[in-house]
Structure formats: structure tokens, C-alpha cells
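Engineer: So the chains spell out like this:
Number of protein chains: 2
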Amino acid sequence: MFRTHTNGELTLQNLDETVTLSGWVQTIRDKGFMIWVDLRDRYGITQLVFDEDRSSKELLEQAKKLGREFVIQVTGKVIERTSKNPKIPTGEIEILVERLNLLNASELPPFTIEDETDGGEELRMKYRYLDIRRNPVKDKLVFRHKMAQKVRNYLSDKGFIEVETPVLIKSTPEGARDFVVPSRMNPGQFYALPQSPQTFKQLLMVGGMDRYFQIVKCFRDEDLRADRQPEFTQIDCEMAFVEQEDVLEIFEGMTASLLKEISGKDFGKFPRMTFNEAMKKYGNDKPDIRFGMEFVELNGLVKGKDFKIFDDAELVVGINVEGCAEYTRKQIDALIDWVKRPQIGASGMVWIKYQHDGVVTSSVNKFYSEEDLRIVAETFSAKPGDLMFIMSGDANKVRTQLSALRMELGNQLGLRKGDEFAPLWVVDFPLLEWDEETGRYHAMHHPFTSPKPEDITLLDTEPGKARANAYDLVLNGNEIGGGSVRIFNKDLQSKMFGLLGFTKEEAEAQFGFLMNAFKYGAPPHAGLAFGFDRLVAILDGNEVIRDYIAFPKNNSGRDVMIDAPSPIANAQLDELYLKVETKE
Amino acid sequence: MFRTHTNGELTLQNLDETVTLSGWVQTIRDKGFMIWVDLRDRYGITQLVFDEDRSSKELLEQAKKLGREFVIQVTGKVIERTSKNPKIPTGEIEILVERLNLLNASELPPFTIEDETDGGEELRMKYRYLDIRRNPVKDKLVFRHKMAQKVRNYLSDKGFIEVETPVLIKSTPEGARDFVVPSRMNPGQFYALPQSPQTFKQLLMVGGMDRYFQIVKCFRDEDLRADRQPEFTQIDCEMAFVEQEDVLEIFEGMTASLLKEISGKDFGKFPRMTFNEAMKKYGNDKPDIRFGMEFVELNGLVKGKDFKIFDDAELVVGINVEGCAEYTRKQIDALIDWVKRPQIGASGMVWIKYQHDGVVTSSVNKFYSEEDLRIVAETFSAKPGDLMFIMSGDANKVRTQLSALRMELGNQLGLRKGDEFAPLWVVDFPLLEWDEETGRYHAMHHPFTSPKPEDITLLDTEPGKARANAYDLVLNGNEIGGGSVRIFNKDLQSKMFGLLGFTKEEAEAQFGFLMNAFKYGAPPHAGLAFGFDRLVAILDGNEVIRDYIAFPKNNSGRDVMIDAPSPIANAQLDELYLKVETKE
Numbered sequence: 001m002f003r004t005h006t007n008g009e010l011t012l013q014n015l016d017e018t019v020t021l022s023g024w025v026q027t028i029r030d031k032g033f034m035i036w037v038d039l040r041d042r043y044g045i046t047q048l049v050f051d052e053d054r055s056s057k058e059l060l061e062q063a064k065k066l067g068r069e070f071v072i073q074v075t076g077k078v079i080e081r082t083s084k085n086p087k088i089p090t091g092e093i094e095i096l097v098e099r100l101n102l103l104n105a106s107e108l109p110p111f112t113i114e115d116e117t118d119g120g121e122e123l124r125m126k127y128r129y130l131d132i133r134r135n136p137v138k139d140k141l142v143f144r145h146k147m148a149q150k151v152r153n154y155l156s157d158k159g160f161i162e163v164e165t166p167v168l169i170k171s172t173p174e175g176a177r178d179f180v181v182p183s184r185m186n187p188g189q190f191y192a193l194p195q196s197p198q199t200f201k202q203l204l205m206v207g208g209m210d211r212y213f214q215i216v217k218c219f220r221d222e223d224l225r226a227d228r229q230p231e232f233t234q235i236d237c238e239m240a241f242v243e244q245e246d247v248l249e250i251f252e253g254m255t256a257s258l259l260k261e262i263s264g265k266d267f268g269k270f271p272r273m274t275f276n277e278a279m280k281k282y283g284n285d286k287p288d289i290r291f292g293m294e295f296v297e298l299n300g301l302v303k304g305k306d307f308k309i310f311d312d313a314e315l316v317v318g319i320n321v322e323g324c325a326e327y328t329r330k331q332i333d334a335l336i337d338w339v340k341r342p343q344i345g346a347s348g349m350v351w352i353k354y355q356h357d358g359v360v361t362s363s364v365n366k367f368y369s370e371e372d373l374r375i376v377a378e379t380f381s382a383k384p385g386d387l388m389f390i391m392s393g394d395a396n397k398v399r400t401q402l403s404a405l406r407m408e409l410g411n412q413l414g415l416r417k418g419d420e421f422a423p424l425w426v427v428d429f430p431l432l433e434w435d436e437e438t439g440r441y442h443a444m445h446h447p448f449t450s451p452k453p454e455d456i457t458l459l460d461t462e463p464g465k466a467r468a469n470a471y472d473l474v475l476n477g478n479e480i481g482g483g484s485v486r487i488f489n490k491d492l493q494s495k496m497f498g499l500l501g502f503t504k505e506e507a508e509a510q511f512g513f514l515m516n517a518f519k520y521g522a523p524p525h526a527g528l529a530f531g532f533d534r535l536v537a538i539l540d541g542n543e544v545i546r547d548y549i550a551f552p553k554n555n556s557g558r559d560v561m562i563d564a565p566s567p568i569a570n571a572q573l574d575e576l577y578l579k580v581e582t583k584e
Numbered sequence: 001m002f003r004t005h006t007n008g009e010l011t012l013q014n015l016d017e018t019v020t021l022s023g024w025v026q027t028i029r030d031k032g033f034m035i036w037v038d039l040r041d042r043y044g045i046t047q048l049v050f051d052e053d054r055s056s057k058e059l060l061e062q063a064k065k066l067g068r069e070f071v072i073q074v075t076g077k078v079i080e081r082t083s084k085n086p087k088i089p090t091g092e093i094e095i096l097v098e099r100l101n102l103l104n105a106s107e108l109p110p111f112t113i114e115d116e117t118d119g120g121e122e123l124r125m126k127y128r129y130l131d132i133r134r135n136p137v138k139d140k141l142v143f144r145h146k147m148a149q150k151v152r153n154y155l156s157d158k159g160f161i162e163v164e165t166p167v168l169i170k171s172t173p174e175g176a177r178d179f180v181v182p183s184r185m186n187p188g189q190f191y192a193l194p195q196s197p198q199t200f201k202q203l204l205m206v207g208g209m210d211r212y213f214q215i216v217k218c219f220r221d222e223d224l225r226a227d228r229q230p231e232f233t234q235i236d237c238e239m240a241f242v243e244q245e246d247v248l249e250i251f252e253g254m255t256a257s258l259l260k261e262i263s264g265k266d267f268g269k270f271p272r273m274t275f276n277e278a279m280k281k282y283g284n285d286k287p288d289i290r291f292g293m294e295f296v297e298l299n300g301l302v303k304g305k306d307f308k309i310f311d312d313a314e315l316v317v318g319i320n321v322e323g324c325a326e327y328t329r330k331q332i333d334a335l336i337d338w339v340k341r342p343q344i345g346a347s348g349m350v351w352i353k354y355q356h357d358g359v360v361t362s363s364v365n366k367f368y369s370e371e372d373l374r375i376v377a378e379t380f381s382a383k384p385g386d387l388m389f390i391m392s393g394d395a396n397k398v399r400t401q402l403s404a405l406r407m408e409l410g411n412q413l414g415l416r417k418g419d420e421f422a423p424l425w426v427v428d429f430p431l432l433e434w435d436e437e438t439g440r441y442h443a444m445h446h447p448f449t450s451p452k453p454e455d456i457t458l459l460d461t462e463p464g465k466a467r468a469n470a471y472d473l474v475l476n477g478n479e480i481g482g483g484s485v486r487i488f489n490k491d492l493q494s495k496m497f498g499l500l501g502f503t504k505e506e507a508e509a510q511f512g513f514l515m516n517a518f519k520y521g522a523p524p525h526a527g528l529a530f531g532f533d534r535l536v537a538i539l540d541g542n543e544v545i546r547d548y549i550a551f552p553k554n555n556s557g558r559d560v561m562i563d564a565p566s567p568i569a570n571a572q573l574d575e576l577y578l579k580v581e582t583k584e
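Protein chains in written order, with my numbering: chain A, 1 to 584; chain B, 1 to 584.
Misleading hints may appear alongside valid ones.
[Said to hold, decoys possible] With a straight-line cut-off of 16 Å between C-alpha atoms, the simulated EDC-like cross-links for lysine to aspartate or glutamate are: (1) B:K280 - B:D394; (2) A:K519 - B:E581; (3) A:K138 - A:E116; (4) B:K269 - B:E249; (5) A:K490 - B:E107; (6) B:K303 - B:E249; (7) B:K77 - B:E61; (8) B:K490 - A:E107; (9) B:K519 - A:E581; (10) B:K265 - B:D540; (11) B:K57 - B:D38; (12) B:K146 - A:D574; (13) A:K150 - B:D157; (14) B:K140 - B:D540; (15) B:K280 - B:E249; (16) A:K146 - B:D547; (17) A:K305 - A:E371; (18) A:K265 - A:E107; (19) A:K579 - B:E581; (20) A:K57 - A:D38; (21) A:K340 - A:D246; (22) B:K383 - B:E420.
The hints are simulated quantities; they were obtained by calculation from the structure and are not laboratory data.
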């Protein structure tokens with residue numbers, strides 16, 4: 001037996017017991033006549049002691065040869081420590097080693113296996129298996145597991161069935177971001193890896209499996225933004241014989257149970273906000289409502305005072321930053337520079353200070369009297385000591401810019417606390433988006449999303465105004481899940497395809513397969529999917545999803561640890577009837 | 001709200017309640033003045049009634065227009081049935097419908113949605129979403145879900161962490177059966193889909209994650225036998241700081257908990273058998289021990305009686321088939337023909353009957369006296385009424401042939417009962433297999449499998465005799481899981497690669513990556529993997545794994561429902577720098 005206990009469990013309760021432990025050498029302190037070794041495993045650290053008086057000379061010699069990350073097994077007696085370490089559960093005891101068995105030596109690791117390591121990200125990714133030994137990485141993987149278990153048990157208890165849908169599916173003509181997989185048995189033919197199990201889950205609904213879920217890998221071959229992965233994990237769900245309300249209730253319950261597990265708090269009913277309200281109040285369809293700074297629109301108030309920038313703007317809108325009136329000119333300029341960066345793209349920003357002494361001043365004193373400014377400040381519900389920022393321009397653009405500033409200030413002011421949670425449903429999304437470039441409508445969610453019943457007539461008159469039975473679950477400023485009530489009526493579905501500019505043939509080629517299934521008694525159904533990597537990160541008070549993936553890929557889609565992707569042998573290509581033609 | 005109850009839950013307890021139900025029309029019986037409709041959903045069937053006296057004329061008209069598989073919603077009152085159906089939970093009540101809402105019509109389905117359907121397999125696969133509506137299919141998917149949940153909870157409770165390993169990995173030079181995936185971002189380069197997460201789980205052990213599991217899709221692009229799938233699911237497990245005994249204990253416990261769930265029985269300690277014993281007693285390394293018919297070797301007894309076939313044979317071995325002495329000549333000939341089929345390849349078979357009247361007779365009376373035969377019968381422990389079959393020839397071949405006969409007789413005699421379970425560990429597998437064709441050793445399990453410590457010296461002298469620390473879990477004649485203690489010592493691993501005929505360079509190219517990880521303190525570790533599709537099928541008393549996969553592929557690796565794989569657009573190939581070159 002390699003161990004009687006783990007390195008996280010021995011306490012004074014075990015005094016005088018003879019135990020066997022195994023693990024990695026974390027640190028060695030060699031005082032010559034005494035040697036202390038910290039032994040580490042997944043569960044914790046236990047201090048080992050070897051000493052001249054109580055240990056054999058051979059044992060001491062053996063211990064002196066140990067190095068960092070050596071794998072050892074020791075047997076010895078649990079004794080009380082003279083200098084205790086209250087920071088760890090095993091801090092009151094140590095093991096007086098009687099037998100030491102070197103299981104495996106280790107070369108010096110390329111970075112220190114400590115909570116704070118000296119290894120840079122690239123190096124740690126290359127040696128990910130060593131990085132996983134560190135608590136901050138290991139704990140994230142354990143946390144992910146616990147969340148997955150919790151989700152599975154919650155949904156199973158509610159009668160959901162986890163069904164595995166296929167990974168080798170069909171590539172569709174518009175599946176431009178599909179990974180494809182050549183088939184040896186079917187020369188010249190390809191499978192595709194699923195971007196989501198959307199079609200299959202809808203087929204399961206047609207099949208009567210009325211509560212489906214799956215924690216499932218999905219794939220997208222696209223240029224990767226910093227925090228995207230070519231393979232990612234979804235909690236994918238679908239229900240039949242339900243309305244939007246039923247879906248929200250189930251998944252609100254699921255999310256609340258996760259939040260309760262983490263925070264101990266009951267979250268009650270989650271607030272809801274329409275898409276329009278979210279855009280108006282926060283300039284964003286996934287607002288972080290852990291803090292205020294709601295948008296205040298000022299068109300009626302500030303126009304007509306000869307300040308041309310405001311007069312010409314479609315929208316003048318601002319936020320009140322509480323308690324920041326004492327920001328220096330330098331601090332304010334830094335923020336103005338921040339919004340002028342190309343990523344944000346604002347041309348500038350007006351500020352108003354409501355000073356502690358009651359004076360209201362601004363960067364546009366030339367155009368506005370103190371009385372004008374005071375009225376504006378009142379509109380913001382500002383108090384003495386507050387600082388207001390106002391931006392102007394094209395409504396959509398300025399909202400996006402001000403939203404970015406709001407989030408930046410939230411970060412700077414520490415208002416976005418990792419251990420605080422503010423879930424929010426955003427509902428009533430537009431059904432369609434007009435794409436200037438292609439000159440046609442796109443489905444905001446996907447082509448199977450149902451319009452709100454009361455908006456169906458708008459499809460004939462003003463389709464752009466129709467709202468969808470679509471919903472997003474937002475947590476701390478991140479979309480963690482989204483879904484919709486689906487169309488299950490063939491005629492309405494045909495109309496949708498028409499609106500989206502598909503010819504009958506195109507619709508048939510891309511979706512005929514699902515449409516065919518709809519002929520045989522499709523039930524009303526609705527669903528949603530959570531981005532599991534992101535959900536886990538946010539629940540753990542973090543936003544970097546890569547940290548929560550055991551073996552992530554880098555921004556070029558490469559696994560630098562195993563060096564994938566890589567060229568394959570010509571023999572293998574021949575078997576697949578393929579030829580690589582890279583142009584130099 | 002689409003329903004207040006499901007179609008499986010209403011009983012006399014709900015009498016007089018007004019309820020709303022939704023589902024599919026299973027059957028319609030139209031008596032003119034009265035119409036009964038069976039309404040079906042995932043949970044059961046509820047009878048609806050419309051009648052001239054109690055329903056409006058419009059409602060009756062509406063009901064008359066319904067067809068099979070129409071999706072409807074009804075509201076009505078729970079009333080007591082006059083003729084009850086004790087076979088279903090809702091059989092004592094029916095719903096007197098007050099309101100009928102047609103949710104979706106259905107074309108006539110291509111086969112009947114009944115437990116016994118008129119649809120052939122191909123048709124049902126094409127319309128799999130309709131097949132899933134049938135109880136026998138649906139129940140299997142629900143059963144699979146329950147088993148997965150049980151496994152996950154069992155292992156989580158034991159401290160195992162489910163870690164998702166990547167699906168896009170590296171193709172290895174010998175990965176001849178790898179599916180490969182071209183990368184758009186890395187022109188001319190390919191990922192491979194994992195045949196198993198073997199490397200990653202060993203890296204997780206190096207990473208200190210000492211109890212790992214994953215229910216995970218794996219992929220193999222190979223010619224498909226009847227019951228193989230290009231994508232299949234494993235319960236993949238690995239543990240560190242353990243010996244073989246620890247692994248067997250955990251997974252015996254897991255399997256016993258599944259068996260208990262299904263059968264209500266406690267299975268205690270699973271029996272164990274060495275590979276050699278299994279081969280000797282059953283001619284098979286995965287014996288079905290639900291029934292006896294153990295092999296009896298007869299070399300010492302039957303040779304030297306001038307029966308040349310036995311005299312020339314390396315092995316003469318037989319089985320005793322209890323209570324079959326009254327088999328007719330025709331029945332016996334049919335079995336002899338069966339073993340002579342090319343798939344089995346025996347040249348013939350000797351039989352001995354121990355008649356009820358005490359006489360012992362045989363097909364080789366010319367060579368053996370009744371006294372000779374009686375001694376043979378005694379060696380078989382045969383009783384009056386038993387029938388013995390004896391085969392002879394090359395030891396390995398004859399064991400395989402006799403094993404096939406034993407299984408066939410087990411099936412014919414109803415000894416292989418689906419609801420009886422006989423788990424068995426087979427241990428002490430040979431480490432290496434000699435491959436006549438390539439003239440070198442192959443790893444019987446895989447190259448990372450550890451020899452038994454006491455057999456390590458054999459590697460230098462008689463490697464073929466070395467036994468491995470490898471083990472299979474067998475259930476009802478099927479290997480449901482297998483694994484091994486891994487080598488974690490670099491030098492021993494190098495020696496293994498040498499024995500397997502790898503040059504240093506080849507070993508480096510294929511396994512260098514894991515070997516590199518082994519430099520940094522690899523702990524002792526061991527693991528195993530269950531074939532989840534097969535496990536579920538066998539636990540459900542079935543052996544056809546395809547039935548337990550929601551959307552399976554056929555023997556050509558095709559999904560006939562979605563018609564995948566299929567050709568892809570040239571534009572897509574161009575983006576991947578690929579050209580298809582199929583020779584006509």
C-alpha cells in the first residue's frame with residue numbers, strides 16, 4: 001500500500017500513530033543535524049522530519065539526497081510539532097520518518113511548483129502537467145468538476161436525461177467555421193464536428209425526450225480571440241411542451257443552486273430586463289448590475305446651448321461616478337485618453353464635478369452656466385463629491401463607448417467583486433438584425449427562434465421591430481447562457497427562412513433535414529445553452545476561461561504541450577485521398 | 001402552460017380534477033358517438049374520451065380529424081373508466097375532454113410508433129427521431145443516463161475528479177486508425193481525435209490529480225464490425241499511489257453498485273481468475289461464468305487408443321452438456337455442422353452420451369471400449385442423461401473453437417440469462433504477444449503496462465513468459481473494462497520499448513512527449529477504462545450496443561439520418577489547403 005493517509009488529513013488526533021504517506025517533495029530544509037521535508041499531494045502538505053538523534057545515519061543520508069519534486073513514500077510516527085503552522089490543517093503535527101522509499105527522482109522543474117510561481121504563461125502551458133500540481137490550477141479543475149456534478153444532479157433530479165449526441169456529424173453549406181474530418185471508409189467525404197448540438201437536441205424533442213441536457217464539447221474553427229478556444233464545453237438543454245417561463249424557471253433554479261453552493265446565499269427570483277432597457281440603461285445587452293452608474297440621457301437638457309458637439313449628436317448620455325469629484329485633472333485626462341483609444345473610439349468626453357463645497361463645474365463651463373450644470377447634476381441624482389462623464393454621438397456607438405467606460409470604472413473602483421454575484425435575465429431580444437453589408441436580415445439568435453406571438457404580424461410589416469422569445473442569462477457582466485423558444489410550425493419556419501433571404505432550395509439544402517422531422521408531429525419546444533467554461537470561471541470569481549480548462553490551446557489554436565496540430569504522414573493522407581497544397 | 005400533468009401520472013386519486021395534458025396521438029378509436037384517444041408522452045399513456053352526450057358537437061368534429069402522431073393539448077376532467085386497463089398506471093381513469101388544441105399535425109409516420117413496430121432497421125435509423133418515441137428505444141436512452149449518473153456519483157463520492165481532456169490532439173506516426181482534423185489556422189497541419197485519453201490521463205497523474213475519471217467520447221477510424229462504432233464512449237479512470245489491488249477494489253465497488261441498482265442483489269467480492277486459468281477452463285479470456293460446461297482436458301486419457309485424430313492432436317478437450325443425452329442424431333449433427341462453419345473452423349467433433357439407462361456410447365465406439373468411455377465420462381463428472389463433446393487439434397485453436405461451441409450451447413439452452421449477472425476479474429495477462437507476421441513482440445495491453453515485479457527478470461531471459469499487472473473486468477462473457485498498472489520508471493520503460501522493437505528515435509517520436517513528463521517525478525499509477533456503450537447494453541440484459549446510442553452510425557460509419565459523411569464545398573477545401581484525389 002502506497003499510503004495510509006493523504007497529506008491533508010493528519011492532525012493531533014493521530015498522535016503516535018504509525019502512518020505511511022506518499023507525495024512530492026515540496027521543500028527541504030537541511031540544518032545538517034535535522035532535515036525537514038514538506039511532502040505534497042493533491043490534498044495538502046505534511047511536514048516530515050529526520051534528525052540525527054532519532055533517525056539512523058543511513059536515513060539521514062538518504063534524506064539529504066532528495067530534491068524538489070522527487071516522489072517519495074515514507075513511514076513514520078505522527079508527533080507534535082514544536083513550532084506549529086496554523087495556516088494548514090496538518091500544521092500541528094509532523095512525521096518522524098522511520099523509512100524512506102524513493103519512488104521516482106525528478107529533474108529540476110522548469111518553474112517553481114508554488115502558488116506564486118516564477119514560470120511565465122508559455123512555459124507553464126508547455127509543462128501544463130507540472131502547472132496542474134500547483135494549487136491555483138488544481139483547485140480550478142476540482143471546482144469545475146464540482147460544478148459539473150452539481151449541474152448534472154440538479155437537472156437529473158428535475159427529470160432531465162443526459163443524451164450523448166454525435167461528434168461526427170454533417171457539414172452544412174454555411175458551416176464555414178466547421179472543423180471537418182475526412183472519412184477513410186468514405187473516400188472524399190467528410191464529417192463535421194458540431195458547433196453545437198442544436199439540430200440533435202431539437203430532434204430529441206421531436207423524439208419525445210422532453211427534458212434533455214448534455215455537458216458537451218463543441219468546436220469552432222475560427223480566429224481565436226484572447227479568450228476563445230477551438231473546443232469548448234456547453235451545458236446544452238432543451239425542453240418540450242414548455243413556454244419561455246418554464247425554461248427560465250428551471251435554469252434560474254439551477255443557477256441559483258450553484259450560486260448558493262458557492263456563496264451560501266439565496267438569490268430568490270433573478271431580476272429581468274428587456275433588451276431595450278439594458279441597452280438604454282447600460283449600453284450593453286449583458287450589463288454588470290453589481291454596481292450602478294446607470295446611463296442618464298440628456299438630449300432634452302443640454303441641446304440648444306451652442307455646444308455644437310452636443311447639438312449635432314444623436315444621443316447625449318452620461319454616467320455619475322459617485323465620490324470621485326476629487327479626481328485630479330491627470331486622472332480625468334487618463335480616462336479621456338482611455339475612451340479615445342482605437343478599441344473604444346470615442347472622440348472625447350465631457351466631465352462635470354459636483355464639488356464637496358457645492359460648486360458644480362465642468363469641462364464645458366464656456367457653454368453651460370452653473371445653473372445649467374446643476375440641473376444636469378440633479379438629473380443624474382448626483383450628490384456633492386460626485387463626478388459625471390458625458391459622451392455624445394451616434395446612439396449605438398456612444399452607448400457602446402460609455403458602456404466600456406462604465407465597466408472600466410467598475411474595475412478601477414473595485415466595484416466588480418469576484419465573490420459578489422448579480423444574475424440577470426435579459427429578455428425580448430430583437431428577432432432580426434439588419435446587416436448593412438449583405439443588405440439582408442440575420443437571425444439575432446438563430447433561424448429557429450420563435451418571434452413573440454404578439455409580434456408575428458410585424459413579420460409582414462416591420463420585421464426589424466419583431467421581438468423574439470429569446471433570453472440570455474447574464475452574470476456579472478457576462479453572458480453565461482442563452483436560448484429561445486423555437487419555431488415548431490413549418491409555415492412560420494418557411495416565412496422566417498424567407499425573411500432571412502434564403503431561397504426555397506437553400507433552406508432545403510441547409511435545414512431540410514430538420515424540416516423533414518417537423519412533418520411528423522413536432523412538439524412546442526424551447527431551450528438554452530450555457531458556456532460551461534465561462535460559467536465556471538465566473539462562478540469562481542474569475543473571467544479567464546483558459547484557467548479552467550485542463551489542457552487549453554493558445555490563441556493560434558495550438559496545444560503547445562503536445563505540439564498539435566502538426567503535419568501528418570503522406571501515407572495517411574493517401575489513405576484519405578487527400579493532398580495538402582500550401583502555397584509558400 | 002402546456003400541461004399540468006404528464007401522461008403517466010394520473011390515477012383515481014385525481015378524480016374530478018380538471019387537468020391539462022399534452023402529447024402525441026397514439027391511437028384513435030372512433031365509434032361515431034364516442035371517440036377514445038390514447039395520448040402519449042415520454043412518461044406514459046392517458047386515455048382521452050369525447051362523447052356525443054357530454055361533449056360539444058364541435059369538439060367531437062375536432063377529435064374526428066385527429067390522426068396518429070398529431071401533437072395535441074387537451075383540458076378536461078379526470079373520470080373513472082368503465083373498462084379498466086390494469087397494465088398501465090393510468091389505466092383506471094380517463095379524461096373527459098372539454099377543450100382540444102391541435103399543436104401540430106403529422107404526416108403518417110413511415111412505421112408504427114409501437115413497442116413492436118413494423119419498421120425495418122434501415123428505415124428506423126433514417127427516422128431515428130421517430131424511433132426514439134418508441135418505449136424500447138427511449139427506455140434504453142433513459143437507462144444509459146441513469147447508469148452514467150450512478151457512475152459519476154459513485155466516483156465523485158470516492159474523491160475522483162472528472163477532468164475533460166482535449167478532443168483535438170496530436171496524430172502520432174503509428175496512429176493509423178486516427179481520425180484527423182485539418183486546421184484552418186495552421187495550414188497543412190492536422191489534429192487527431194483521441195482513440196483514448198491514455199496519454200492525458202497519465203499526464204494528469206504526473207500532475208498530481210491522483211483520482212481522475214471521465215465519461216468521454218473516443219474515436220477510431222477503422223473497418224467496422226457489426227457492433228463497433230467510429231465514435232464510442234468510455235468511462236476512463238486513472239489513480240496514482242495505488243497498486244493493482246486498490247484499482248480492483250474501487251471499480252469492483254463501482255460495478256457492484258450498478259449491479260445492485262439493477263438487480264437488487266449484493267455481489268460481494270467478484271471472483272478472480274488468471275488469464276491462464278480462463279484459457280484452460282473456458283478457452284477464452286472473457287468467459288461467461290453464468291453457466292458451467294468447464295473444459296476438461298483428456299490428453300492423458302484418450303491418446304494411444306489408435307484413434308489417430310486424438311493421437312496427433314496437441315490438445316484433446318471437451319465439455320459436458322448436462323441433461324442433453326437425448327439429443328437426436330440430427331441435433332448433434334447440426335452442432336457438428338455449426339463448429340465446422342468457416343467462422344469456427346473445426347474439422348469435426350466427437351460426442352459421448354451417458355444415457356439415462358447407464359449405457360455410455362459415442363461416435364468413436366470403434367476406438368474406445370465402453371469402459372474407456374465410462375472413465376472419460378467420470379473425468380467429466382458426467383451423470384446419466386449428459387452429453388459430452390470433445391474437440392482436438394492445435395491447443396490455441398481448439399480452445400477457441402470449443403469456447404465458441406460452449407457459448408452457442410449456452411445460448412441455445414437458455415443458460416445466458418439477461419437478468420443474471422456474473423462479474424469476473426481476469427488477471428495476470430501475458431505482458432507481450434509474439435507476432436509471427438512482424439517477427440516481434442507486441443504489447444498485449446499497451447506499451448506502458450507494467451510487468452509483474454516478480455517477472456521483471458524474465459524480460460532479459462524469456463520476455464514471452466512475463467506476466468503483466470493487467471486486468472480485465474468481464475461480465476457475462478463480455479470484456480466490459482480493462483486496465484493495468486503503468487510503468488512509471490524511465491529505465492524500465494526504455495527496456496519495454498526495446499523489447500517491442502522500437503529504436504530510440506521511434507520511441508522518442510511516438511512517446512517522447514510522455515517520457516519527458518516522466519522526468520519530473522512521475523508517481524506510481526494505474527488505471528482502467530470501461531467501454532460504456534457495451535457496459536450499459538450488458539447491464540440492461542442486451543448485447544447490441546447500437547441500441548444504446550441515441551444517433552448511431554451504420555457499419556459503413558454513416559449516419560443515414562443526417563447523411564454524413566458527405567462531400568464538402570471546394571471553397572472549404574481551399575481554405576484548408578486540401579485537395580481531394582479519389583481515383584475512380
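Engineer: Give a verdict on every hint.
Structural biologist: Hint check:
1. B:K280 - B:D394: It holds: about 13 Å lies between the C-alpha atoms, which stays within 16 Å.
2. A:K519 - B:E581: Not satisfied, since the Cα-Cα distance of roughly 39 Å exceeds 16 Å.
3. A:K138 - A:E116: At roughly 13 Å apart (the allowed maximum being 16 Å), A:E116 and A:K138 satisfy the hint.
4. B:K269 - B:E249: Judged against 16 Å, a Cα distance of about 9 Å means the pair holds.
5. A:K490 - B:E107: 12 Å, holds
6. B:K303 - B:E249: 44 Å, violated
7. B:K77 - B:E61: 19 Å, violated
8. B:K490 - A:E107: 12 Å, holds
9. B:K519 - A:E581: Given pair B:K519, A:E581 is violated - Cα atoms ~39 Å apart, limit 16 Å.
10. B:K265 - B:D540: 15 Å, holds
11. B:K57 - B:D38: 20 Å, violated
12. B:K146 - A:D574: 43 Å, violated
13. A:K150 - B:D157: Holds, at roughly 13 Å.
14. B:K140 - B:D540: Within the cut-off at roughly 8 Å; holds.
15. B:K280 - B:E249: 26 Å, violated
16. A:K146 - B:D547: Violated, because 31 Å separates the two Cα atoms, which is more than 16 Å.
17. A:K305 - A:E371: Holds: A:K305 and A:E371 sit about 13 Å apart, inside 16 Å.
18. A:K265 - A:E107: Violated - the C-alpha atoms of A:E107 and A:K265 are around 46 Å apart, more than 16 Å.
19. A:K579 - B:E581: Holds. A:K579 to B:E581 sits at ~7 Å (cutoff 16 Å).
20. A:K57 - A:D38: Judged against 16 Å, a Cα distance of about 20 Å means the pair is violated.
21. A:K340 - A:D246: 44 Å, violated
22. B:K383 - B:E420: Cα-Cα ~26 Å, so violated.
Comparing the model with each earlier hint shows violations of hints 2, 6, 7, 9, 11, 12, 15, 16, 18, 20, 21 and 22; every other hint is respected.
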